[in-house]
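**Q** For reference, the chains in residue letters:
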Amino acid sequence: MPKIEVHEKLFNSLLGKSYSNAQLEEILPVAKAELDGHDPDESLYKIELNDTNRPDLWSTAGLARQLVSYRDKIIAQYDFFSTSEETLDSDGRTLIVHESAKLVRPYSIGFAVTGKVIDEEILLDFIQGQEKLCNNFGRKRKTIAIGVYRSDLITYPVHFEGADPDKAHFVPLHMSEDLTLREICKKHPKGLEFGSIVADSPVFPFLYDDTGAVLSFPPVINSAHIGAVEVGDEHLFFELSGTGLDDLLLAASIIACDCADMGFTILPVRCEFPFDTKYGREITVPYYFQDPVGCELNFLRRTLGENLTGEEIILALRRMGIFAVVDEKMVYVTVPEYRNDFLHPVDIVEDVMIGHGLENFAPELPSDATVGRITEAETFARKVKDIMVGLGYQEMMYNYLGSRREYIENMHVDGSEYIQIANPMSENYEYVRPSIIPSLLESESVSAHAAYPHHIFEVGKVAFLDSTDNSGTTTRNYLGFLSASSEMGFNQLNSVIATIFYYLNHEYVMEDLDDPRFIAGRCGKLLCNGVVVGVFGEVHPAVLESWGITMPTISCEIDLDLLH
Amino acid sequence: MEIDVRNLHPLEIRLLRHVSPGETITAQRLIDELDYNIGHCNQAFSWLVAKGFLEETDRKFRTFFELTPLGYQQLENGTPALRIFNLLKESGPHSLPEIADKLTLEKSDVGSAFGILAKAGSCRMKEGNRAEAITNEAPPEVLIAKVVLAKAASAPLEESLLTKEERAFVAKNSKKRGATASPFKLIEREEVFYKLSESGLEAKKALLKANITGEELGAVTPAILASGAWKQASFRPYSLNTPPARLIPGRKNSYGAYLQWVKDKLCSLGFEEFDGPLVENEFWNGDALFMPQFHSARDIHDVYYLKNPRHAKEIEEPFLHQVAQTHENGWNTGSRGWQYTFDHEFTRRQVMRSQGTVLSAKTLPTAKVPGKYFGVVRCFRYDQVDATHGADFYQTEGIVLGHDVNLKTLLGLLKMFAEEVAGAEEVKYVPGYFPFTEPSIEVHIKHPQLGWFELGGSGIFRPEVTKALGIDVPVLAWGLGIDRMALMHLGLNDLRELFTPNIENVRMRRSN
Numbered sequence: 008m009p010k011i012e013v014h015e016k017l018f019n020s021l022l023g024k025s026y027s028n029a030q031l032e033e034i035l036p037v038a039k040a041e042l043d044g045h046d047p048d049e050s051l052y053k054i055e056l057n058d059t060n061r062p063d064l065w066s067t068a069g070l071a072r073q074l075v076s077y078r079d080k081i082i083a084q085y086d087f088f089s090t091s092e093e094t095l096d097s098d099g100r101t102l103i104v105h106e107s108a109k110l111v112r113p114y115s116i117g118f119a120v121t122g123k124v125i126d127e128e129i130l131l132d133f134i135q136g137q138e139k140l141c142n143n144f145g146r147k148r149k150t151i152a153i154g155v156y157r158s159d160l161i162t163y164p165v166h167f168e169g170a171d172p173d174k175a176h177f178v179p180l181h182m183s184e185d186l187t188l189r190e191i192c193k194k195h196p197k198g199l200e201f202g203s204i205v206a207d208s209p210v211f212p213f214l215y216d217d218t219g220a221v222l223s224f225p226p227v228i229n230s231a232h233i234g235a236v237e238v239g240d241e242h243l244f245f246e247l248s249g250t251g252l253d254d255l256l257l258a259a260s261i262i263a264c265d266c267a268d269m270g271f272t273i274l275p276v277r278c279e280f281p282f283d284t285k286y287g288r289e290i291t292v293p294y295y296f297q298d299p300v301g302c303e304l305n306f307l308r309r310t311l312g313e314n315l316t317g318e319e320i321i322l323a324l325r326r327m328g329i330f331a332v333v334d335e336k337m338v339y340v341t342v343p344e345y346r347n348d349f350l351h352p353v354d355i356v357e358d359v360m361i362g363h364g365l366e367n368f369a370p371e372l373p374s375d376a377t378v379g380r381i382t383e384a385e386t387f388a389r390k391v392k393d394i395m396v397g398l399g400y401q402e403m404m405y406n407y408l409g410s411r412r413e414y415i416e417n418m419h420v421d422g423s424e425y426i427q428i429a430n431p432m433s434e435n436y437e438y439v440r441p442s443i444i445p446s447l448l449e450s451e452s453v454s455a456h457a458a459y460p461h462h463i464f465e466v467g468k469v470a471f472l473d474s475t476d477n478s479g480t481t482t483r484n485y486l487g488f489l490s491a492s493s494e495m496g497f498n499q500l501n502s503v504i505a506t507i508f509y510y511l512n513h514e515y516v517m518e519d520l521d522d523p524r525f526i527a528g529r530c531g532k533l534l535c536n537g538v539v540v541g542v543f544g545e546v547h548p549a550v551l552e553s554w555g556i557t558m559p560t561i562s563c564e565i566d567l568d569l570l571h
Numbered sequence: 041m042e043i044d045v046r047n048l049h050p051l052e053i054r055l056l057r058h059v060s061p062g063e064t065i066t067a068q069r070l071i072d073e074l075d076y077n078i079g080h081c082n083q084a085f086s087w088l089v090a091k092g093f094l095e096e097t098d099r100k101f102r103t104f105f106e107l108t109p110l111g112y113q114q115l116e117n118g119t120p121a122l123r124i125f126n127l128l129k130e131s132g133p134h135s136l137p138e139i140a141d142k143l144t145l146e147k148s149d150v151g152s153a154f155g156i157l158a159k160a161g162s163c164r165m166k167e168g169n170r171a172e173a174i175t176n177e178a179p180p181e182v183l184i185a186k187v188v189l190a191k192a193a194s195a196p197l198e199e200s201l202l203t204k205e206e207r208a209f210v211a212k213n214s215k216k217r218g219a220t221a222s223p224f225k226l227i228e229r230e231e232v233f234y235k236l237s238e239s240g241l242e243a244k245k246a247l248l249k250a251n252i253t254g255e256e257l258g259a260v261t262p263a264i265l266a267s268g269a270w271k272q273a274s275f276r277p278y279s280l281n282t283p284p285a286r287l288i289p290g291r292k293n294s295y296g297a298y299l300q301w302v303k304d305k306l307c308s309l310g311f312e313e314f315d316g317p318l319v320e321n322e323f324w325n326g327d328a329l330f331m332p333q334f335h336s337a338r339d340i341h342d343v344y345y346l347k348n349p350r351h352a353k354e355i356e357e358p359f360l361h362q363v364a365q366t367h368e369n370g371w372n373t374g375s376r377g378w379q380y381t382f383d384h385e386f387t388r389r390q391v392m393r394s395q396g397t398v399l400s401a402k403t404l405p406t407a408k409v410p411g412k413y414f415g416v417v418r419c420f421r422y423d424q425v426d427a428t429h430g431a432d433f434y435q436t437e438g439i440v441l442g443h444d445v446n447l448k449t450l451l452g453l454l455k456m457f458a459e460e461v462a463g464a465e466e467v468k469y470v471p472g473y474f475p476f477t478e479p480s481i482e483v484h485i486k487h488p489q490l491g492w493f494e495l496g497g498s499g500i501f502r503p504e505v506t507k508a509l510g511i512d513v514p515v516l517a518w519g520l521g522i523d524r525m526a527l528m529h530l531g532l533n534d535l536r537e538l539f540t541p542n543i544e545n546v547r548m549r550r551s552n
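Protein chains in written order, with my numbering: chain L, 8 to 571; chain F, 41 to 552.
Chain L with its partners taken away, still in its complex shape (with noise of 0.2 Å):
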């Protein structure tokens, strides 16, 4: 969930008023936003944002617009924007994609703007815009990559190409030396946290003008002359170059907006491409690609359980920035240039909630009588439970996931049937755990300083590989129990299991088993009905050794699901 810092002074002028902190966490949650804090010295809120689909909050200008049509009723309006039907004049102003950009890179499109000198609020809020666009959502630049560049400087047309990584070069941003692209991922370190992106393609994308002069290496380096916007600056060119062309207009539109809100003046840009793109081969930028969503009210009014009137619906949208209309049957919504998070008639629903005040929906408790239950392993798992207490055993309860050494070393097994993490954060869990004596020895191992005797068991779930089920793996409900003292021995464990069984009423037989992980002639198989549904015996002193136990042990080890 993206996070932005917010300047107070950019902020109040753009909400026309200031905020206490109380005041705005009574607002904020319009925005599915929330104040993470405020740093009075620097003039600095911070603020969560928690919808991933509305990449338009995630800056000062698009936080304070929501927050604005909300208090005003009033949905924002945006002059420059061409659609399929109508193209504003781009006054020579042009971006040509060439052919070879289809290798690594396909679309580019781009737009100016104007009007207002770049102070260091807005700068450093235009940098925190673009980081947020490209990270949340244009994954860590993937899919969409922006760069800002002094307009003033650049003679149109701009080019985008797929360029020879070898060949091209310029000198970047943040550097002296004049670096081709193959050069700039490797030594630059933006090349090296973005170089990946395009590095097993055959050409790189490269941005430049129509004399030549470098605007960048898009997705990873502006510049060091074009591509260096600073404060004072006031004409300025925004690209965008990515995979897919809605996030891309989407993005443009949402700077646009912001830029206008924030006083610019925005210069449409004509982008050509080579091929037949949803919206044609030439695209004037910024450009309202979103097509009208509806609703219908008999589904808006129960999914709300209210009877909203048609006047209350327009309101609610108003609130939200959004313009609707109403018949008979249907709310037909105009979707603000800024978004594009209407998948399904349900995201208009949501909208009249919020415009319409959660507070405004009454509470009722669902009428439907249903029967609760737990499932039969709980069930079975407590019977089991107050058969181990009331044999004088403490329930402990553990991590499932543990290491190589606990699980496979200590235990003097293979761990041929575990499952092992592909990824795991650290060695310390690396591996599901397969059973549940592990757990238990660990707890012997720490806890030295107990009082003895100790006498301990869990109730859990183990998991390992399985090749006949669908996932390759099973997961099982399992009792395990330990007891630790120096009376314990294989007599006693045998009572203890005889009891557990009786109470189980379950008949079971015992069978030699050969496992390391106990001694040899003092450990065997539990079978109900032919089939093994547990382990037990004393210990192996080799295994007590490796976890650096010095009391006799002995633990047991049953199924649960084999037996109710």
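Since the hints were made in silico from the structure, they are not lab data. Nothing here was measured: the structure is a model prediction, and the numbers come from that model. Positions of the beta carbon are idealized from the N, C-alpha and C atoms, including for glycine. A portion of the hints provided could be inaccurate.
Here are the computed lysine-lysine pairs in the DSBU-like style, where the Cα-Cα straight-line distance is at most 30 Å [claimed, not checked]:
id	chain 1	residue 1	chain 2	residue 2
1	L	Lys-468	F	Lys-271
2	F	Lys-271	F	Lys-292
3	F	Lys-353	L	Lys-468
4	L	Lys-194	L	Lys-53
5	L	Lys-147	F	Lys-347
6	F	Lys-249	F	Lys-271
7	L	Lys-532	F	Lys-292
8	F	Lys-166	L	Lys-390
9	F	Lys-448	F	Lys-402
10	F	Lys-216	F	Lys-166
11	L	Lys-336	F	Lys-402
12	L	Lys-390	F	Lys-305
13	F	Lys-129	F	Lys-212
14	F	Lys-402	F	Lys-455
15	L	Lys-468	F	Lys-292
Restraint ranges, calculated between C-beta atoms of paired labels, are given here [stated by the list, open to error]:
id	chain 1	residue 1	chain 2	residue 2	range
16	L	Asp-43	F	Leu-280	52 to 60 Å
17	L	Pro-460	F	Leu-280	39 to 47 Å
18	L	Pro-523	F	Ile-78	50 to 58 Å
19	F	Glu-198	L	Ser-502	51 to 59 Å
20	L	Pro-460	F	Ala-263	28 to 36 Å
21	F	Glu-357	L	Asn-536	32 to 40 Å
22	F	Asn-545	L	Asn-536	52 to 60 Å
23	L	Lys-80	F	Asn-545	41 to 49 Å
24	L	Leu-322	F	Glu-357	55 to 63 Å
25	F	Glu-357	L	Val-516	38 to 46 Å
26	F	Glu-357	L	Pro-460	50 to 58 Å
27	L	Ser-502	F	Asp-98	42 to 50 Å
28	F	Ala-263	L	Gly-422	28 to 36 Å
29	F	Pro-405	L	Pro-460	18 to 26 Å
Mind docking chain F on chain L? Use the hints.
**A** Chain F in isolation, oriented as in the chain L frame:
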């Protein structure tokens, strides 16, 4: 000052009643007069001195001689000197090796014993190195042995009570330590002398006044009950303030007990429990929940993958193609979908279940309508383990299916959880975001102890989730963050403590 004599032990009572002011009290006296053994004496003295009822007046060392196993043997068979004298007297002269052989004695013992006899003039060595007896009787210093050994066999000999001859004999034949080669072992005993103190006298008077004799009954035994002996006796009162010995009972785990309480609570509210395997695949863990396959929460750094087997063999139909189409173009759910090409290999990739909602989704195809379901299930996250993050942890999740469930019933459900499960006084709802619900609601509660916090997330399952799994009614989905309440309930502040292997911590834990 009133002296409480009810808690005195019979050994103390009998001693106090027996002795008079000014008298000297020793262990030997108690042994002789009260039939105590030495252990009783030590107990009674230490308790009474601690209470201030007895005062020490003096202490002396006394030396005793006790028979060793060799001493007992010599008592039975005679000392080597006596046996040698008798042999020579009865069977005539022998060489020393012959003597050693006949009497099965060590040669060195024969040598020293013959030395004693020769020195006393009872034997001599004649020609040919053959020893012979020359008196009729063994010398006194040899004969005395028999008397002293016999005396020592009945009770240790006290040095001061021995005759000069006896003392000389014993001194030659005893050792303090390592006395196996000597017939006597020397023991030094310290004798302590006590007298009754002022308060001891008070206690004695109080005992006499209360008529406490020390003959009162202690433990009630089956024999006492069977014989009826208790009818003629009274019972010794026991101290109420003796610290009790520790017991280690069998117990349920207190976190487990809390989870069980939550489960029972949800059952009482009409919810049926679900459960499932720990290993899931991307299909159920994310795809079925309409999370696009490129969703950031499905990254390598969020979910644990299996090394082997990497993929499930197959995904259940018709759900696979329904879900795949829903992702691609919305299928017939009324959605436009995510507009990308669904990856049929990725969907089979196996993961450790990362969210409880997986089991909510898996329950849908077979769920009853109306129906309420819940699970308290173990989940796995790719998180750095610390006080607020575990590698695996429990999530409490569930669903409500019904023709008439809606936003207002969702709010009602959350209110019910807030009151019944959390004991909250105030409830606040705010819009939330979850990939699989729309609308989505977070519920914040004012907990009586914890103050305001987020109790849980909820919403109505997106039609892309329910329709693709064959459900045509609205489904409320909810999850409760109960671990914070569990920690408070157990008086803990670190999530890792919930699964601690430390036996003593788990034993001592109790709920608030």
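**Q** Each of the hints needs a verdict: does it hold here or not?
**A** Results of checking the hints against the structure:
| no. | hint | in the structure |
| --- | --- | --- |
| 1 | L/Lys-468 <-> F/Lys-271 | violated, 60 Å |
| 2 | F/Lys-271 <-> F/Lys-292 | violated, 45 Å |
| 3 | F/Lys-353 <-> L/Lys-468 | holds, 23 Å |
| 4 | L/Lys-194 <-> L/Lys-53 | violated, 34 Å |
| 5 | L/Lys-147 <-> F/Lys-347 | holds, 26 Å |
| 6 | F/Lys-249 <-> F/Lys-271 | holds, 22 Å |
| 7 | L/Lys-532 <-> F/Lys-292 | holds, 27 Å |
| 8 | F/Lys-166 <-> L/Lys-390 | violated, 95 Å |
| 9 | F/Lys-448 <-> F/Lys-402 | holds, 25 Å |
| 10 | F/Lys-216 <-> F/Lys-166 | violated, 38 Å |
| 11 | L/Lys-336 <-> F/Lys-402 | violated, 34 Å |
| 12 | L/Lys-390 <-> F/Lys-305 | holds, 19 Å |
| 13 | F/Lys-129 <-> F/Lys-212 | holds, 26 Å |
| 14 | F/Lys-402 <-> F/Lys-455 | holds, 26 Å |
| 15 | L/Lys-468 <-> F/Lys-292 | holds, 17 Å |
| 16 | L/Asp-43 <-> F/Leu-280: 52 to 60 Å | holds, 58 Å |
| 17 | L/Pro-460 <-> F/Leu-280: 39 to 47 Å | violated, 29 Å |
| 18 | L/Pro-523 <-> F/Ile-78: 50 to 58 Å | holds, 54 Å |
| 19 | F/Glu-198 <-> L/Ser-502: 51 to 59 Å | holds, 54 Å |
| 20 | L/Pro-460 <-> F/Ala-263: 28 to 36 Å | holds, 31 Å |
| 21 | F/Glu-357 <-> L/Asn-536: 32 to 40 Å | holds, 35 Å |
| 22 | F/Asn-545 <-> L/Asn-536: 52 to 60 Å | violated, 40 Å |
| 23 | L/Lys-80 <-> F/Asn-545: 41 to 49 Å | violated, 58 Å |
| 24 | L/Leu-322 <-> F/Glu-357: 55 to 63 Å | violated, 46 Å |
| 25 | F/Glu-357 <-> L/Val-516: 38 to 46 Å | holds, 43 Å |
| 26 | F/Glu-357 <-> L/Pro-460: 50 to 58 Å | holds, 55 Å |
| 27 | L/Ser-502 <-> F/Asp-98: 42 to 50 Å | violated, 57 Å |
| 28 | F/Ala-263 <-> L/Gly-422: 28 to 36 Å | violated, 60 Å |
| 29 | F/Pro-405 <-> L/Pro-460: 18 to 26 Å | violated, 49 Å |
Checked against the numbered hints given earlier, the structure breaks hints 1, 2, 4, 8, 10, 11, 17, 22, 23, 24, 27, 28 and 29 and satisfies all the rest.
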